[in-house]
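Asker: Here are the chains, one letter per residue:
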Amino acid sequence: MLATATGLAFIFFHFVKDNTANIALIYILALILIARWTTGYLYGIFSSLFCVVFINGCFTYPFFEINFSMTGYPITFVCMLIITITTSAMTTKLTRQDEMIAERERKLNEAEKERIRANLLRAVSHDLRTPLTSIIGSSASYIENHDELDPDEKLSLIASIHDDSNWLLNMVENLLSVTRIQSDGHTVAKEPELVEEVVSEAIDRLKKRLPGASIHVTAPDEMLMIPMDFLLIEQVLINLLENALVHSGSPRADLIITNDGGAVTFHIIDHGKGIDASALPDIFSGKYDSSPASDTRRGMGIGLSICRTIVQAHGGIITAQNHEDGAEFAFSLPALETVQQQMKTN
Amino acid sequence: MATPNYTVLIIEDEKNISDFMSKALKSNGYRVITALSGKAGLSLISSQCPDIILLDLGLPDIEGNDIITAVRSWTSCPIIVVSARTGERDKVTALDLGADDYITKPFGTPEMLARIRASLRHSNRMESNSALYIRPYQCQGLVLDFDKRMLTLNGDEIHLTQIEYKIVAFLARNSGKVMTYSAIMSNVWGPFTGDNNRILRVNMANIRRKIEQNPSQPRFLFTEVGVGYRMREDENEL
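If you read the sequences in order, they're chains A and B. Using the numbering used here, you'd call the opening residue of the first sequence number 1 and step up by one each time. Using the numbering used here, you'd call the opening residue of the second sequence number 347 and step up by one each time.
If you are wondering where the hints come from, they were derived from the structure by calculation, not from laboratory data. There could be a bad hint or two in this list.
Claimed, not checked - Restraint-style ranges between C-beta atoms, simulated for each label pair: (1) B:Thr455 to A:Arg252: 27 to 35 Å; (2) B:Thr507 to A:Ala159: 33 to 41 Å; (3) B:Gly540 to A:Ala102: 51 to 59 Å; (4) A:Arg252 to B:Ser383: 56 to 64 Å; (5) B:Ile408 to A:Pro192: 34 to 42 Å; (6) A:Ala118 to B:Ala416: 42 to 50 Å; (7) B:Ser373 to A:Pro192: 39 to 47 Å; (8) A:Pro281 to B:Val489: 53 to 61 Å; (9) A:Thr265 to B:Ile408: 47 to 55 Å.
Glycine included, C-beta positions come from ideal geometry on N, C-alpha and C.
Kindly generate the complete structure, drawing on both the sequences and the hints.
Answerer: Pasting the structure below:
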C-alpha cells in the first residue's frame, strides 16, 4: 500500500511541481486505508512515521535529505501523526464492533435454536413421562396386589399398560421419523412411491393399534406415483388419521385423495367436535398442547408439528380448518409425474 | 391351531423379549429353546436341530447376517428374522441371504405365530409332497387354480396378463411369506433383470386394481415397505 502511494506520489511529483499538498493527501489516503484493513495501532503508527520520513526525504526541498527544521514542517508532521492515530483508533474500533455484532448475532441464533430444542425436549419428556407413570403405576399395583384384585381389575390394569405402551411407541416413531429429515430441515431422501401403497400401509399400521377404526378412503382410479420418503408420509397419515379418530370423538374418518395434475392432496376429514378456533392459527407450531395448562397427555402437539416439518421438507403444504361437521386437515405433495394406466409388457 | 411338537429356537439377547416370545410359543404348543448370544445359538442349531429359528439381528457377539450365512451353508431350516423398524436394507439383506421371513419389533403374538406357521408350512411342503403345489390357492373368495392358470374372485374369472399371472402365482405359492422385489423379479422376468423395481410395482398396481375392491385398503396383496410384497395366507392350510 505504501509502495503504491509512493509510486503514485512520484508520478504526481514528476508531473506537477511544488505540489506537496497533493502528495501529502495521497499518503493520508493510504494511511486511512491501511488503518482500515489492519488491526491494531502498530501498523498505523509505523506507516505514518514511514510516510512522514518519506515525504520529508523525497518530496520536499532539499530532495533526498531528511530535514526537519523546515518552516512549518513540524506542524505537518504532527498533523499527519494525529490523523493516522485517530483513524487507526476509529477503524480498529469499527472492526471490533463489527466482530462483536456478528458474534452476538451468532449467539442469539444459537440461543434460539437451543430454545426450540429445549421446548421440544420439554414437551417430549412431558408427553413421555405421563404414559410411563401410568405404566409403572399400573404394573406396580398389579405386582403388589395381585392376590386381592379380581380378574376384571387385573384386565383393566393390563389393558391400560397396553394402551400406554402403544401410545409411547407411536411417540417414539414420530421422534425417530424426525431423524430421517436432514439437519438443515428441508431435505429428505425421496423415491417415487405409489400413493395407494402408502395409504394401505398407514391404515394397516393404525388398525393394529386401533382395531375398531373406521376409515373410509376415496382415491382416484389412476395410478399415482409421487416422490416421497415412504415412512415419513406414512407417519403423517397415521398422525392425522389418529388425530381424526381419537381426539375429535368422531365415529369415522374419511381420507379423500385428489390429484390436480401438479400436486396430490390428501384430505383427512372427521365428523367430531372440530378444532377450537383460538387454537387454529397455532395448531402446527407445537405450542398447542405442550403448554402446562393442557392436561391432555394424548396431545397431538408434537405429532402435528412433526407433520408440518415432514410435509414442508417434501415441498408441500399442510392446512387445518373446520367444516360444519368437524375438522379437516389437508396436505399436498408436489407430483413428479402421473404414471398412466398404460402398460403391456411381455 | 398350530401343530404341536415343533421346536423353535429363539436367538435373542434381550431376556425380556426372549421370555415373552417363549411364553407365547409354549402356550401355543411349541417346544422352545432359547439362546442369549449368537455363539450359543449356533451350537444349539447343530445340536438340537430346531424346526424353525427366530433370530434377532442385533446380537452383541455375531452379526445376524453371518449367522444366516453359516446356517444356510448346511441346513434349510426356516429362519425368521426379528428386526427394528426402519431397517429396510437390513431386512432385504437378511432375506436375500436366505432368511425366510421377518417380523418387525415391536410385534404382537398373533403376528409372530402367523409368520411361524407360514414358514413352517412352506418348509414342510418343500420336503414332502409336491402335490400341495397343485392344490389351488384359496382365500376369502379368491381362488387361483395353478393347473388351469385361472384366477377367480367369488366365482368370476379375472383376466390377467402373462406377467401378472406369473406374479400372482409366485406370491400365492408363497402366501403368508414376504417376497422381496428381487425374488419376484428374478422369478418372473428371469435373472439379470436389474435393480429397477418400477415395472414390478406398476404391474402390482394393475393387479390390485383387478382383484382388490379398494386398492388403498387391500385384502389380498400387502406391501412391505422397501422390501417386497406379501399375499394373504392360504385358508386351506391354516
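Asker: Hint by hint, note whether the structure agrees.
Answerer: To see whether the hints hold, each was checked on the structure:
In this structure, B:Thr455 and A:Arg252 meet the distance hint of 27 to 35 Å, their C-beta atoms being roughly 28 Å apart. Between B:Thr507 and A:Ala159 the beta carbon distance is about 49 Å. The supplied range of 33 to 41 Å is therefore violated. Against the hinted window of 51 to 59 Å, the Cβ-Cβ separation of B:Gly540 and A:Ala102 comes to about 52 Å, which satisfies the hint. A:Arg252 and B:Ser383 have their C-beta atoms about 49 Å apart, which leaves the hinted 56 to 64 Å range violated.
For the pair B:Ile408 and A:Pro192, the beta carbons lie near 37 Å from each other, so the given range of 34 to 42 Å is met. Judged by the Cβ atoms, the range 42 to 50 Å given for A:Ala118 and B:Ala416 holds: they are separated by roughly 48 Å. For the hinted restraint 39 to 47 Å between B:Ser373 and A:Pro192, the CB-CB distance of approximately 45 Å keeps it satisfied. Checked against the given bound of 53 to 61 Å, the beta carbons of A:Pro281 and B:Val489, roughly 55 Å apart, stay inside it.
Our hint of 47 to 55 Å for A:Thr265 and B:Ile408 holds, since their Cβ atoms are close to 48 Å apart.
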